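Now for the letters of each chain:
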Amino acid sequence: MNVRSQVAMVFHLDKCIGCHTCSIACKNIWTDRPGTEYMWWNNVETKPGTGFPTQWEDQEKYSGGWEVRDGKLQLKSTSKEKTVFNIFHNPHMPTMDDYYEPWTYDYQHLFDAPEGPDQPTARPISMVTGELIQIQAGPNWDDDLGGSPVYAQNDPNLKGLTPDQQQQLFAVERLVFFYFPRICNHCLNPACVAACPSGALYKRGEDGIVLVDQNRCRGWRACVAACPYKKMFYNWNTGKSEKCILCFPRLETGQAPACFHSCVGRIRYLGNVLYDASRIEEVAKLPDEQLVEGHRSLILDPHDPEVIYEARKNGIHDSVIETAQRSPVYQFVKVWKIALPPHIEYRTMPMLFYVPPMAPVMANRDAGAVNGVSGDLFHDIEQSRVPMKFLANLFGAGHEAKVRYALRKQKAVRWYRRALTVGDVEMSVAERMLREADSSPEEAEAIYRLTSLCTFEDRFVIPPMHREEAIQMLEDPLAHKQSVGFGFTTGPRRGM
Amino acid sequence: MTSTHYLDQFLFAILPYMVLITFLPVTIQRYRARGFTYSSLSSQFLENQQHFWSLVPFHYGILVITAGHIAAFFLPQQLLAWNAKPVRLYVLEISALIFAILSLVGLCAALVRRFTTSKVRRVTTTRDWILFGLLAVQIASGIGVAIFHPWGSSWFAATLTPYLWSLVRLNPNLAAVSAMPWLVKFHIVNAYLVIGYFPFTRLVHVLVIPNPYLWRKPQVVRWYRRPAEAAPKA
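Chains as they are written, first to last, in the working numbering: chain C, 1 to 496; chain V, 497 to 730.
Bear in mind the hints are in silico, worked out from the structure with no lab data behind them.
Bear in mind that the values here come from a model prediction, so they are computed numbers and not experimental data.
Since no wrong hints were added, every one of them can be taken at face value.
Listed below are the simulated BS3-like cross-link pairs for lysine-lysine, each with C-alpha atoms no more than 27 Å apart in a straight line:
#1 Lys-389(C) x Lys-411(C)
#2 Lys-337(C) x Lys-285(C)
#3 Lys-713(V) x Lys-285(C)
#4 Lys-285(C) x Lys-61(C)
#5 Lys-82(C) x Lys-72(C)
#6 Lys-15(C) x Lys-334(C)
#7 Lys-713(V) x Lys-72(C)
#8 Lys-713(V) x Lys-80(C)
#9 Lys-713(V) x Lys-82(C)
#10 Lys-159(C) x Lys-337(C)
#11 Lys-411(C) x Lys-15(C)
#12 Lys-411(C) x Lys-334(C)
#13 Lys-713(V) x Lys-313(C)
#14 Lys-615(V) x Lys-61(C)
#15 Lys-61(C) x Lys-159(C)
#16 Lys-285(C) x Lys-159(C)
#17 Lys-82(C) x Lys-61(C)
#18 Lys-389(C) x Lys-15(C)
Taking the hints into account, I'd like the entire structure generated from these sequences.
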């Protein structure tokens with residue numbers, strides 16, 4: 001056992017209202033510089049939809065992630081040998097056209113326009129070339145367009161759905177969509193790190209945050225191609241790759257990342273988990289149907305004395321073990337098992353988990369009453385508007401069992417709370433549903449509290465990063481007294 | 497002493513040291529103090545199609561040609577021995593010419609791409625244009641030498657390698673180089689200019705080719721609190 005700590009995340013999709021506040025918070029802090037305008041380290045996608053960059057989940061096009069070839073875990077996009085030959089031109093590199101050309105508007109024209117018969121307009125200008133452009137697409141071009149033949153119908157997750165199920169997604173008056181906010185997953189087996197020819201990408205040992213060393217990045221672009229979630233971005237201005245840094249300067253001072261902090265729907269949870277680093281490769285090689293369970297098994301019980309002993313032996317501070325014990329992520333992922341990793345079949349072992357959405361499921365009943373309890377209490381989950389297979393493609397590597405489990409439990413919790421607060425459901429029925437969903441009134445109460453009544457302190461259990469100790473090992477604080485900080489003393493600019 | 501003599505003295509005995517005096521300290525200092533500026537500055541993200549057809553031939557061409565020049569510098573005897581049989585000489589010269597043409601065609605295509613694609617033009621600086629000009633002139637004059645003064649792989653090894661080594665020994669011997677045709681002299685002087693300009697341009701990316709990738713482990717973990725060697729690798 002090789003115990004490490006990782007800052008992990010849960011996004012509760014049932015609560016996401018698709019307001020994009022997270023995206024804006026991130027953009028304003030990190031990606032409003034020249035060369036980064038097109039980047040959305042945090043973005044919110046509409047599902048079904050094509051996403052950002054367009055159809056990023058189509059790995060036949062983008063070749064991201066890992067695959068098991070000849071019994072070995074290998075990157076789809078590159079290998080040691082291929083890196084030598086593809087260094088001049090990366091065959092799997094997406095271009096700006098796959099994202100969008102960022103633009104602003106010629107506002108000055110509103111002031112400078114000569115007098116004329118028409119009102120002056122502010123025409124769009126490319127933020128790359130500064131020339132007037134015709135806007136072709138934007139980062140949220142498919143926003144709310146569930147049912148669209150252009151976007152929703154081209155969602156790569158529709159693969160494997162029967163024609164009937166696909167039809168159902170697009171039938172008028174039965175259109176359905178939900179939101180899928182995405183940031184870097186800070187994976188346990190990051191493809192970007194493994195692809196970087198320069199060794200500029202790394203995972204921080206203490207908290208697992210994946211970062212790019214900007215001084216070592218040489219712009220070989222292999223990471224952009226390798227990341228299956230397309231959360232590596234190439235800064236065309238500085239010639240360096242950039243990515244979500246999980247707002248580590250905020251985390252180190254005990255604050256939640258900006259996208260978490262600003263989340264209106266309070267869908268985001270953050271806390272560290274202890275995991276067994278010695279089993280990552282073994283788990284990443286499991287067959288598709290065992291991946292979700294295998295991934296979950298990497299996360300260790302922070303109350304287990306043996307785990308605590310091994311954690312201490314690995315230099316994990318007691319305060320970090322203590323936050324792991326209170327981590328909301330541990331509850332959602334390991335105890336309740338209702339949060340699932342996105343596209344685990346990419347085998348990067350993402351550490352961002354999603355509670356699959358219920359809302360469109362509950363709205364499915366077209367015969368009116370929602371409380372029409374029948375013998376099969378879960379039948380409307382099976383007949384939901386969002387086919388189970390679609391959610392399974394997103395959160396279960398195509399296998400429905402884990403998604404079904406998560407949805408059944410969530411539904412049971414709802415009915416239990418309904419029995420308590422509204423009273424139009426028999427408590428005996430609700431309790432039977434809980435039993436059948438592998439839950440209990442106590443657990444339902446805990447899920448309810450962490451889902452609906454959660455405060456900042458419940459949602460964000462930020463481990464102390466102890467960076468002050470770390471800095472002391474590298475630099476003499478006294479020598480830097482009254483100076484302006486450590487590290488970077490030059491601004492990032494293109495070339496010399 | 498004629499004025500030509502003084503010019504040769506300057507171009508072939510003083511200029512090489514001048515460019516070296518720029519090249520070495522600037523390159524090292526830039527790496528140490530401004531590591532951020534070392535990048536391939538790739539524009540593939542902005543344009544993908546022409547990128548393949550220009551950058552791939554250019555790089556393979558220029559790499560082979562550069563390797564040939566380096567081989568002639570370090571292994572003149574072996575090169576002459578290889579060239580002793582005319583067939584082998586022809587094979588070497590023709591393949592060198594093919595790679596040179598490949599790199600020139602690639603560079604021209606890259607220049608056209610940079611000029612015609614507005615997004616790529618946007619990320620091209622004056623310094624880039626000067627560099628591309630120098631490189632184009634260098635490759636074109638090299639091809640000129642290969643055509644008008646053939647069998648360079650032999651006469652380079654026999655005459656210019658001793659000249660270059662005399663520079664290394666800090667005792668320049670200009671006898672051979674002074675007798676060279678003007679096109680060869682031009683090629684040499686332009687090479688010195690490229691070397692002198694090198695540390696100020698994007699060319700520095702050739703110094704950071706990612707060779708450790710071939711033997712490092714896939715995952716990289718950096719620890720603050722543990723020494724790097726003690727850190728277990730994922």
